[in-house]
Amino acid sequence: MAMIALFTDFGLQGPYTGQMKAVLHQMAPGTPIVDLFADAPIGNAKASAYLLAAYSLWFPPRTIFLSVVDPGVGGTRPALIVKADSRWYVGPGNGLFELVRRRCDDALNWDIEWKPERLSASFHGRDLFAPVAAMLARGDPPPGRPRSDATDHRPDWPDDLAEIIYIDHFGNAMTGLRAATLTPDTRLAVGDRVFERARTFGDLPPGTGFWYENSTGLAEIAVNQGRANFDLGLTIGTRIQVIP
Amino acid sequence: MAMIALFTDFGLQGPYTGQMKAVLHQMAPGTPIVDLFADAPIGNAKASAYLLAAYSLWFPPRTIFLSVVDPGVGGTRPALIVKADSRWYVGPGNGLFELVRRRCDDALNWDIEWKPERLSASFHGRDLFAPVAAMLARGDPPPGRPRSDATDHRPDWPDDLAEIIYIDHFGNAMTGLRAATLTPDTRLAVGDRVFERARTFGDLPPGTGFWYENSTGLAEIAVNQGRANFDLGLTIGTRIQVIP
Amino acid sequence: MAMIALFTDFGLQGPYTGQMKAVLHQMAPGTPIVDLFADAPIGNAKASAYLLAAYSLWFPPRTIFLSVVDPGVGGTRPALIVKADSRWYVGPGNGLFELVRRRCDDALNWDIEWKPERLSASFHGRDLFAPVAAMLARGDPPPGRPRSDATDHRPDWPDDLAEIIYIDHFGNAMTGLRAATLTPDTRLAVGDRVFERARTFGDLPPGTGFWYENSTGLAEIAVNQGRANFDLGLTIGTRIQVIP
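Residue numbers (this note's numbering), protein chains in the order written: chain H, 1 to 244; chain E, 1001 to 1244; chain A, 2001 to 2244.
With the rest of the complex left out, here is chain H (with noise of 0.2 Å):
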């Protein structure tokens, strides 16, 4: 069965992931319908996309990501479908798609063609990407034409970002990088602060900051029994140094 995740930084509060639920649910009855992230970085399509192209590789076949991170919403952006390998991604052509696609076997892209009654100029999410991921989860056929061009592509994005890109409930720092990337001796530094890895927080003293493989294949920074992000004064964007 399909399931719709949503990627977006539409933050938890609000209608808006609301409304795009009401959607889902009036387009594509009993399909299930997971949160992946509503708090993507805002506004922020690069670290986005390393977020998007890390988490979804976890999700089964046919899982459908409605994908809103959109500044230029109302703007000349491009509006897509992705079909990298088994899985299916629909949102902005601003890159967030880039590294998903670099990362799969055979990738398909169009452009949705697919107007609605109504197009809002400040809520594509609610009014044509939600539509379109109900569509795809119907079975039906992507509702766009083949995409000619390559203005959504960021070539010059590396293929793991030394950056920090997501910082969770507890405090802990993802980066861009995929750990199988990485060996067993790499050191990740911030500054002239340099981590060792781990495999997980029990093995190292409290206080500690390290850096190990999370649950889901990135390089995580973190401070046992601490918090990263105000221990170590790590924020979205800050660069990171691979010691290899």
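Certain hints may be false.
[What the hints assert, rightly or not] Some chain H residues close to chain E (C-beta under 8 Å, calculated; not the full set): (1) Gly-11; (2) Pro-15; (3) Ile-42; (4) Gly-72; (5) Phe-123.
Derived from the structure by calculation, the hints contain no laboratory data. For every residue, glycine included, the Cβ atom is placed at its ideal position computed from N, Cα and C.
Based on these hints, arrange chains E and A on the given structure of chain H.
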């Protein structure tokens, strides 16, 4: 199919929304439930009334709004069911449905007569309003008697409220003014700051404050690439001046 | 029908709850899932144990509590299934189920023996506990062996905890004391501030602190039209004095 939308000031955290949903799942299995607002202005039935009226009209017919902004819970305020055109509203009679009722063609009102086995003093949302919403979702007739007094009416409240009624995750400040009641030339002012109308964010230089019709029809004050609440000192209750 | 209730300290944001729900939707399609607490006291199994015991009793028989407050994840703490009267609990054996077990008539305990294909070091909620909860929701027998040791017991924890265990969205402070164990004349004190019992908020003048039986049976300290946490300096762990 009926859908239940939750509109509360319970906040996102804590057990309250979850307990209400447990009641709904038990009493109306399979009914889609959507979180519309969990962060309506706390204890502020007036601001909430304008927010609910604007957002509920976006939803399809037969939607049931389980609406709990209820600072007087445990006191003497009535407990109501309102049918406004094709939509249902369940909640406290403290003015919360004043604008919904005023803006519809045909409103019917009931005092809830059904009583739960156990009614807590502080959580009628779970014990009284959620069961009644579930009954309506199942297609039961309203479990009450037609209402014969007007203690829940607020005839002194204006048709549109020239105040900030909600701040969203992006820092945008919604007013209680319907954009359709304003002209393209209308300016909104807060103190000595005056804002022109724009179509959307991209139309203005970064850092510029403006107002626009948001995706659900309210006049909303925003700052391109900024946060209107911080940059302009806006909060719930801030008065707005309308300059026609 | 079975229902799964989530009780975690994962926070509202981030991917953790969503990933657990994706597992549940895949393995137990159609089972209602309710977010009970996503903000249980972080890493605090003791305070969480009193919160879980109070709130889970409100739920119907057959509910499955997927309970993850698990600071020792990746270490040696056991992984448990507990059946307490008619309800199921799945989670770490770190004391989290101590009060649930102590307050029921009949408890059965299993060590989880099922192993996932891939078990991350830091997220057993997703990889181990969610699949087991899904199996129970489907009606499978508990995938474990009856438990033969008591390392997860905490006989030194009191039957009721005279501490603040949760602060809600309104600033109200829940204690770990069941109101039913206290008399109408019982007063609660924090330092030199003493609080009388009231029925509900409206019974007292604005600004007055008091305690009352909350909607789920816990003694809770509140301030009419105020915020008990700020106004009275209460936080999780603040000790309460019971004056009979």
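Going down the list of hints, with the structure as the test:
1. Proximity of Gly-11(H) to chain E holds as hinted, the smallest CB-CB distance being about 3 Å (cut-off 8 Å).
2. Interface hint status for Pro-15(H): upheld, as the beta-carbon distance to the closest one in chain E is roughly 5 Å, under 8 Å.
3. For Ile-42(H), the shortest C-beta to C-beta distance to chain E is roughly 7 Å, which falls under 8 Å, so the interface hint holds.
4. Restraint check, Gly-72(H) versus chain E: the minimum CB separation of about 7 Å is within 8 Å; hint holds.
5. At a threshold of 8 Å, the smallest CB-CB gap from Phe-123(H) to chain E is about 3 Å, leaving the interface hint in force.
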